[in-house]
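All chains, please: the whole structure from these sequences, using the hints.
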Amino acid sequence: MSLVSTELTRSVDGVAHLDGISCVLERGRFYVIVGPTLSGKTSLLHAFAGLDAPDTGRITLDGADLAAVPVWSRSVSMVYQQFINYPHLSVYENIAFPLRRRRLAQAELDSRVRAIAETVGLTSLLARLPGALSGGQQQRVALARSLVKGSDLLLLDEPLVNLDYKLREQLREEFLNIFSAQNRSILVYTTADPNEALLFDAEVLVMHEGRLLQVGSAQSVYARPATTAVARIFSDPPMNLVPGSIDAAGLRLANDVLLPRPRHLDALPPGPYVFGIHPGDVALAASGIASEVELAEISGSETFLHVRHADMRLVAHLSGVYAYALGENVEIVLEGAKLFAFGIDGGLAAAPESGG
Amino acid sequence: MARIDLDRLAHSYDSSGPQPTYALHPFTHTWEDGETYALLGPSGCGKTTLLNIMSGIVRPSEGRVRFDSLDVTELATARRNIAQVFQFPVIYRTMTVFENLAFPLRCRQMPQNEIRQRVGEVAELLNLTGQLQRAALRLSSDAKQLISLGRGLVRNDVAAILLDEPLTVIDPQLKFELRRKLKEVNRRYRLTLIYVTHDQTEAMTLANKVVVMNHGRVVQIGTPQELFERPEDAFVGYFIGSPSMNMLACRLADGGVDVGSMHIAFPGADRLAIKPGAKLAFGVRPEYVAITDSSAADAFPAVLVDLKSVGAFRIATFETGGQRIKAKLRADAPIPASQLFIRFADGRRLLYADDRLVAVA
Amino acid sequence: MSVDRGKLVFVLPGLIVLVAIILFPLLFTIRVSLSSWDVAQPGLDWIGVTNYLRLAEDTRFWESFGRLALMALGSVALQYLLGFGLALLVWRDMRAGRFFRVLFLIPMMTTPVIMAVIWRTVFHESLGPANDVLRLLGMASLPWLSQAGLAMTSVIIVEVWQWTPFMFLMLLAGLLSLPREPFLAAAIDGAGPIRTFLRVTFPMIAPISIGAIIIRLIEASKIMDTVYVITSGGPGTATETSSYYIFIRGLRDFQIGYAASLSFTYLVIMAISLTIIAKVLARAMIVKDRAA
Amino acid sequence: MSALYRALKYAAILLWSAFVIAPFLWALTTSFKTANGITGGPTYIPWLQYEPSLEGWRLLFRSGGGGIAIGGPYLSSLVVTISASLISLVLGTLAAYGLSRFTYRAGFVRNADITFFFISQRIMPPVVLAIPFFLMLQFLGLLDTEVGLIIVYIALLMPIAVWVMVDFFNTVPRELDESAMLDGCSPFEAFWRVILPNSKPGLVVAGLFCLIFGWNDFFFAFTLTFTQTQLLPVAIVALNSSVTPWWSLSAAALVSVAPLVVVAFVLESYLSRGNLAGAVR
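Residue numbers (numbering that gives the first Met the number 0), protein chains in the order written: chain R, 0 to 355; chain F, 0 to 360; chain D, 0 to 291; chain Z, 0 to 280.
What the hints contain is simulated information worked out from the structure, not anything from laboratory work. Predicted model only: the values in this text are computed from it and were never measured. Glycine included, C-beta positions come from ideal geometry on N, C-alpha and C. It cannot be assumed that every hint is accurate.
[As the list claims (entries may be wrong)] Non-contacting residues of chain F with respect to chain D, defined by C-beta distances greater than 10 Å in every case (computed):
no. : residue
1   : Pro19
2   : His24
3   : Ser60
4   : Thr222
5   : Asp269
6   : Pro275
[As the list claims (entries may be wrong)] Derived lysine to aspartate or glutamate pairs resembling DMTMM-like cross-links, with alpha carbons at most 20 Å apart:
no. : chain 1 : residue 1 : chain 2 : residue 2
7   : F       : Lys325    : R       : Glu168
8   : F       : Lys208    : F       : Asp170
9   : F       : Lys174    : R       : Asp163
Right, here's the structure in full:
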């Protein structure tokens, strides 16, 4: 019982939107596609929905090829990042719209509409027009409309990205509760924010430039990113990557930084590597690598300290709010045990143990 | 640059009724010369109204605006000597970058060689030197936004630069550079900068003083650190930071407050002048909730009900004394499997009466 | 599987109808132009390009183009200037703005030919008010419709009256859709009204201007009704436009074959010159990157 | 804004207003005159300068002797204009929706080419089409009939409908159609149930433009009808070429032009709401 896509490709005006996507999505599970803007997330959802036909490759649902099934006969629903509802219909009629297309009996229709409205908290707004609602409420209507059908495939294309951030936090939690209550659909959610995927604790598909880079649980992708590209995409702020090498003396970074070789890198042969460290693992200390502050970005309760040592640029993710002036001197500590090592081809060579 | 005084300023878009519905409640404040401010709040909080009043686009229904004691309340935007950067970059489409930057000076009949010198200086600062002869229309949106800012910088008569969500349309990857540039420009020129945004990162990164607004009122003015550590208003605790500050209903009880079955000491709590019937709440940031061993006197037994990992940190939800409390923990902080205790950091325990901060312990 | 299934349902009916109504007649015109069809001998014989050779020598035909160009370019230029000016006047909030907007739109709603009938009485030399107004201003009466230059002027006045509202409508809609930040920025930068117009308003309205001018030129190049009623092409042939001349040859004299060749030539010349004008306008009004 | 500027502005506005209204006022006053009121030279104020009479207005309902019997032509004009506008709007809206949503290709022809073909029909000078139309209607036996004119007007008006509606549909988010199809609508159902109910502004503007251009045509009515069918403009112009009874001519002109003044009001209200901005690009 699954959605299987095989070698999907699609290009528009010579630009590859999908470049050989193969994956298997199981019923009753929650998938999050993570990728930056234009990575092909939306194209993939459109292909799943049947809104765009792939150039090559096939998609099957429970073994049946979907190529000949038009969108309107598929069991699929979608929530967009723009708040898309039918402006001329009331909230009630918006939610009822997919059911009316299926000629459901009035009583059945009414009870299903009201049940879903209750779930997403719209009961008091059923008579209103979507245009009179706030962004968060509009997106709830869109979600209700997509849930009411009970489709096999539920696609959510960055549904929270256009909401204020507090509302986003709130809706994210509600979504999670609603999703965990269902077990028959395949849920696919896209986002550019890896933290969202981590919070959902879902199965993750990392996309970049139309390709699928890595598939796995959110925790495992975070702990063992397969490539430097994944390491940057699936970390916010992106993982710090520093070219360096391993030799008899230990790890060398940025010419003059020498670190003792940590245990988990013991097995690696000497040679050039790219070392990675999560911004959250870059620590400040009384003595360490002398660095200069380029900018302290403060986000509510967190400080992202951009520092530079020679041509090594790092971001330290600190919990709490701290004031740093531009050009201020700080000492940073890179703990060997937290370092990732990537080969110069970008592939993961070794990852810290703690994360696994 | 100038000091800007707002004197009992208020605005109502519908001032006909006996009880005006204020978009901006009466408010008195002085914007210090050379200081960087951000107006922060959710949409509809009145921050744009306030900015528009200062720039002269909106005439306030009450109160005065003074620039260095010159009353400008009735003056049109053009006569206020301000510069403004809008959400969408504004450039003169038919002109080159140089001509764009020179435009305010040409309008002021400045001699040609002086114009060239000043534009050269500003272009240098904004990294636009290499593009001076290009058509401004062909540049990327972040470069256009720099030009908008540059037109304010070339002038030497500017009282303040007002920025209205200037980074909204900028590519996320380019935001860092632009933020840095803004910060650097500000350090170099000591500008009076007033920055409107709904994005807390923008506000707290760029401004020395953040003015948090909600429902047409200024609820707190403070440094980013103050907003985080000592929210004067419950809204600030909610709006700034993620997750929001824990806010738990409580009542006064011998030298402190009772939160469910927890007793938290607030020295001097008995002497606080709190209106009878006021809504009391105990607030603590998730960052200041720590797991501890049982020995501490002010630790409370708790049960872990939810744990979410967000990369470098974990958000834990505890239940203690019938209350739910969120804590933000480092990813590598151990969580005991058996009985655990939580403790609130000293000096970070906050008490609110009717949503205003009344005590810290 | 694509959503494109059934897409022909939308476009085909209109396409078929249009092709049937227009494309067929147009092809037929080309065929007729190669025949000697006239009132005496209706029928499709084949005379090759004889008609085209004849029209090449037909000075009355070519002169009508000159008059058409003068009439169309002159009236459209005036319509643009006046329409833009009026749109700028009522653009910003003003008292009774709505009333004047509606008023300014009315002429384009009225039937040109019917208003032309009225205008003809207005321009009447002894009984019309046009000369009455001149007399009131202490000027001599003018032979509005019986002197070549004045007849042309009269037609242009009527065209300007009728179609300035169209320019006004287009440009006002354009102005109303402009963001207000650029204007604020210009005010803050210290630009006066003239600088603001030249550097902000005009560059932003240029694309719409081009569209509106082209549409009006297309319509004006077809001018015929008004001429027919007001001057009947006179005095002599002083206001005879291409359309009107073809009308005379084809539907008065019934030299169908010859008129068809005139029609086709006219259409080709119109299409080419309008394309060139569109390109030139676009180049003149829209900025290019000056960087090498 | 200085007082001088304001004075000049209002002076310009009033001057242009006078120019706009003048022919209507002239027609209005003329319509109450008789031969005597006209031959004496231009007069403007009834009772003071001439003795007003309702003869001009009475003649609207009579035939012969300067009478027009305006009822028949008026009805014909209404029938022809409204029918042609409706058909054009239906066909044009369908085509515009298709062109804005789907990809068509046939050989080297793409959507843009088809759209251009539709709209470019406006370039066609009436006189070029008149001869083949004449022959075509003659062949179909539709010369001098309302049906014949309706067919011709469809060709004239459909390009306008396509032009306005393509621009309108381009402003309607595609996701709306997609949602409808995901919710089980076929493309036509999506158009019918979701897009059309949300297209009122575009339809109104397109429809009004069709009505204006249809109502105001003279040339085709003039060349393709003779005696059996007579549209309003032809009837009025016919009056012009005979003895020219200015009074009934003026009355008829006012009656003919009046309904479109209403159109001006509706169009202006759409203008202020910003709905025309899309149409002018």
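Taking the hints in turn, this is what the structure says about them:
{"no.": "1", "hint": "Pro19", "in the structure": "23 Å, holds"}
{"no.": "2", "hint": "His24", "in the structure": "26 Å, holds"}
{"no.": "3", "hint": "Ser60", "in the structure": "19 Å, holds"}
{"no.": "4", "hint": "Thr222", "in the structure": "29 Å, holds"}
{"no.": "5", "hint": "Asp269", "in the structure": "56 Å, holds"}
{"no.": "6", "hint": "Pro275", "in the structure": "51 Å, holds"}
{"no.": "7", "hint": "F:Lys325 with R:Glu168", "in the structure": "14 Å, holds"}
{"no.": "8", "hint": "F:Lys208 with F:Asp170", "in the structure": "26 Å, violated"}
{"no.": "9", "hint": "F:Lys174 with R:Asp163", "in the structure": "18 Å, holds"}
Going through the hint list in order, the structure does not satisfy hint 8, though it satisfies all others.
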